[in-house]
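Given chain A, put chain B in place with the hints provided.
Respectively, the protein sequence lines represent chains A and B.
In this text, residue positions in the first sequence follow the working numbering: the first is 6, and each later residue adds one.
In this text, residue positions in the second sequence follow the working numbering: the first is 58, and each later residue adds one.
Among the hints, a few may not be true.
[What the hints assert, rightly or not] EDC-like cross-link-like pairs, simulated, lysine to aspartate or glutamate; straight-line CA separation at most 16 Å:
1. Lys103/A x Glu198/B
2. Lys103/A x Glu206/B
3. Lys217/A x Glu206/B
Rather than coming from a laboratory, the hints here were simulated on the basis of the structure.
One-letter residues, chain by chain:
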Amino acid sequence: MTQPSPNPLLEALDGRRILAIDGPNFSGRTDLLRRFCRAAADGRVYLGPEVYFALSGLTTSMRQEIELHAGTSVENSRAAGAIEALDIASLLDHHPAKLSGGEQACLTVACGMALKPAHLAIDCALEQLDHHRLQTTLQILQGTDGPSHCAIVTDNRLDEWPAGLAPVDIATLRRSNPRPPPTPPINPDSIVNADSVKAPAIEIRNLSAGYKGRENVLHDLSLALAPGKIYTLQGANGAGKSTFAKILCGVLRPTTGDILFDGNTARPWKTPGKTVAYHLQNPDVGLFESTVAQEMNDARNPARAKVVMEAFGLSAIAQRNPLSLPFPIRKRVSLAAVIACPAPWFFLDEPTLGCDASTIAALADLIQKLAEKGHGVIVVSHSEKFVRLLQGIHLKMDGGRILQMSVAE
Amino acid sequence: MSRVPPVARLLALIIIVVATFIDPYLAFLAAAIVILAFFLATDGLLWKYLKFLLVVQLPMTVMLVAVWGWMAAAPPGKPMGSDPRGGVIFAFLISLRLAVLCGAFQLAMLSIPSQLLPATLRGWGLRGEGLVVALGVFAVEPEFKIRAEQIIVARRARGMLGGSRWAGFKQLPYLLRPLFVWSIRSAVHRADVWEQRAMLLRVQKLPAREKTEPFSMLAGVAAFCFSFLWLVVVILVHWFPLRGIV
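Extracted from the complex, chain A is given alone in its bound form (with noise of 0.2 Å):
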């Protein structure tokens, strides 16, 4: 009788507290992932990179869905220290799917920690994550007083971690070949073929703005941006990112303060979009039409959404449903039908969620060409490294407000 060979993943960790893999997309980590927690269900967790759907869809607030969970009250789980270390205590009456997406995959880590599985496996789930609550969960699930279990971690900013925990290639642990990836690499230099635009000069005067129950999400922002320009916003979950691409894109009203364009006053809500147009953390919730050129809205205008597929690699699938397609590549079309928008202004939220190295260096290098067609475009991203390849502009934002504006070297 043969004895079935040992798991390479369990080979990988040989002790390890953390195992890391690094790899590009389609090179076989998910699949990877997910066999290995399929092979023995019980004490083996996945938590994927949409991290909305690893929630059970049963509870109305992240307490409810943690001692689900758990089995037991929230305090005495074994979440209980990463909810106080990840500060998401005042975010517990919450419902999960008001939650923002860092918010969100800190929920998702805190279910999983619940749960006390033997090993879980985060596929791209920490991407979400501001700098200091990704570094916060590495040294929970590393920690010793910490949950006693095994992680194995994919993820695209794994430049950010810290050295003691270095990867381990996919390369060397699959035994099958990884299915070619459906869609052509980005294409930059496409999008040379886009018309120019000229985009107006943007000004904030002591802008106020919130929601029912969190009335001073942005408080007393002001801010000038100019056209033609590259900023990068960065700052923790929860400090106004997404409320300030709201307000300025008009799907949100500001409460007090004045939006100009152009040194003329605007009012961006009575016709959102139309200046700034907004990309969405969460790609499901941003595609809504049945192929990916209809995405691109190509029947209003074909010609621009010929060259946005085009750059972004994406005309060999335009017929095909932008949902049935891997999260990336979803990703990917869901920034497309953006960029395809007449908008002068872009303001893209977290738009290398899931993406590897090489696609974002890509795509990278298509903002900056948009940016040099007269667009201006404004970036909320964690990875730091996707900051320093853009070399825009650099905002930090805090409790509402811009901290700080610097250039970059």
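Frame of chain A; chain B shown alone:
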């Protein structure tokens, strides 16, 4: 009402449903609505109920009155045009019964605090997949509402939709497909998650009983007494019809 014990809550609801169908008098139904409104107000649900009355109930009542009081001009079982007043009374009877039933359901279901929901549903005898389905029913409405808002935001973010409320309202048909697709995707993904995490077993482990407080017992007894008293009254007037009371 928020901490009414599960059994009292269910019994009161069943009794109110039975009494509503037995009650032939508009005045009693109207009185029941007033009492329900008082209970709903104490739970902060009155505005939701009034919105339902305004948006759903009022247009429906107008249509019912038009059909039975004007077009048919008679209640069921009588020749057309023979009794317009009876037709109008029948239309109001249907409308008020519906208003009472919806108020009772809102009070019995929506007043359950989310942290007591599993305990309440288990207190009603729900177990296994039935419990999961019931919990899902309570969770699906807020999630769909949030997703619908997000889809409207996504369309606005790409300049495909104006900023007015009317523009948002006009988009409702376009929401159906993405919401349907979302629900299917959500079900497929979650089925995987559920299987892997043995979620059905975890739901069974949710606490079956919460500690009963003196006030919650009092509220439960009050809800039960009110509904029972009403049932007794409507049975009595069913046997001994009152004259002059509509």
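(message) Of the numbered hints stated earlier in the document, which are not met by this structure?
(response) Checked against the structure, no hint fails, so every one of them is satisfied.
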